[in-house]
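K.L.:
Next come the chains, spelled out residue by residue.
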Amino acid sequence: MSPKISELSAGQEIGSRTVEVTRTDLVKYAGASGDFNPIHWNEAFATGVELPGVIAHGMFTMGSAVQLVTDWAGDPAAVVDFQTRFTKPVVVTDTTGTSEPGATIEVSGAVGKIDADAGTARVDLTVVSAGQKVLMKAQAIVKLS
Amino acid sequence: MTINPDLQGRSYPAAEVYDVGREKIREFARAVKATHPAHFDVEEAKALGHSDLVAPPTFAIIIAQRADAQLIEDPEAGIDFSRVVHADQRFTHHRPIFAGDRLVAELHVDGVRAMGGGAMITTRSEIFALGDGDAREQVTTTTSSILVRGEGQ
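First to last, the sequence lines map onto chains A and B. Counting with the numbering used here, you get residues 1 to 145 for the letters of the first sequence. Counting with the numbering used here, you get residues 146 to 298 for the letters of the second sequence.
If you're looking for bench data, these hints aren't it; they were derived computationally from the structure. Mixed in with the good hints there might be a few duds.
[Unchecked claim] Examples of chain A residues lying across from chain B (beta carbon under 8 Å, computed):
(1) K28
(2) Y29
(3) V80
(4) V111
These numbers come from a predicted model, not from an experiment. All C-beta atoms in this analysis are idealised placements derived from N, C-alpha and C, irrespective of residue type, glycine included.
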C-alpha cells in the first residue's frame, strides 16, 4: 500500500536497506549503464590516477539507494525528482572467489518537507559506507495521493 | 591539459535515438539491485496503470551519459576522461520512462569553472520521447556536474 500524504509527518522514518557490493556488481553495472571508466574495475588503473583503489560508480550507489524510496512509495513512477552530491568514493575491495562483499552501503530514509498542495513529499536519504557519508543532499521527491 | 572555458553555453543537438527495451530495463534494474515488480513484470506495471515496464528512477543516466560523451570526446573540450569524477547528479522526471519509448537527448553545457588545476563542468540533458511525425514529449531533465581533476588532485 502506498503511503497517504495526509498521514505523513516530517521526520518520519521510511526504513533502511543494506546493499552489498562486489567487483562483479561493478562490472554488471558498467555493462548495464555503458559507463566503462576503468577506475570502476581495474585496480592498477585506479591507483594510477591517485584513487585509493577501485571505486563504485557514483551512479551505482545513487541507483541502489533509491530502491528504498521506490518500495516505500509502492510505484517507481512516483519518484518525480531525485538528486545527490557524491562526497566520498565507495572503495570496493577485490573479494572475487569468496562470499564476502567488497563494500557495504547502508541506506536509511526519513520524510522531509511535505507539500500537500503539490501532493509531494521529500525523502531525505542517509547513505553510509565504511563509516562515512558517501552521498550528501540525497533527496527524492515522491508524488503521493 | 586545460579545460576550454569557451565550452560554457555550448549545446549539442539530439543525436541518435535510444530505444528503451524491456530487457534493458530489467538488466539495469538488476544492476542497481532494484526488485520492484514494475521493472520486471509487464502485468504488474499495468496493474499500477502504466503502459509497460517502468524504468528505475536513475535509468535516464544511460541516455544522459551518451549525450555527455559528445562533450567528453570533443577534442576541443580538453577533458581527460580518466580524471573525471562525478560530483553531483539530478533527475527531474516530467513523466516516467517506459519500455517502448524512443528517446533523444539535447545536451547543454551550463557551467564551466576552474578548480585548482582542474575544472567543474555542469551539463544538462533534456530528454524527449519521439511521437508520431514531429511530435516530441518532454520526459526527463538530468543535470550533472563532473570534476575533472588536475594533477595531484
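K.L.:
Out of the numbered hints, which ones does the structure contradict?
P.N.:
4
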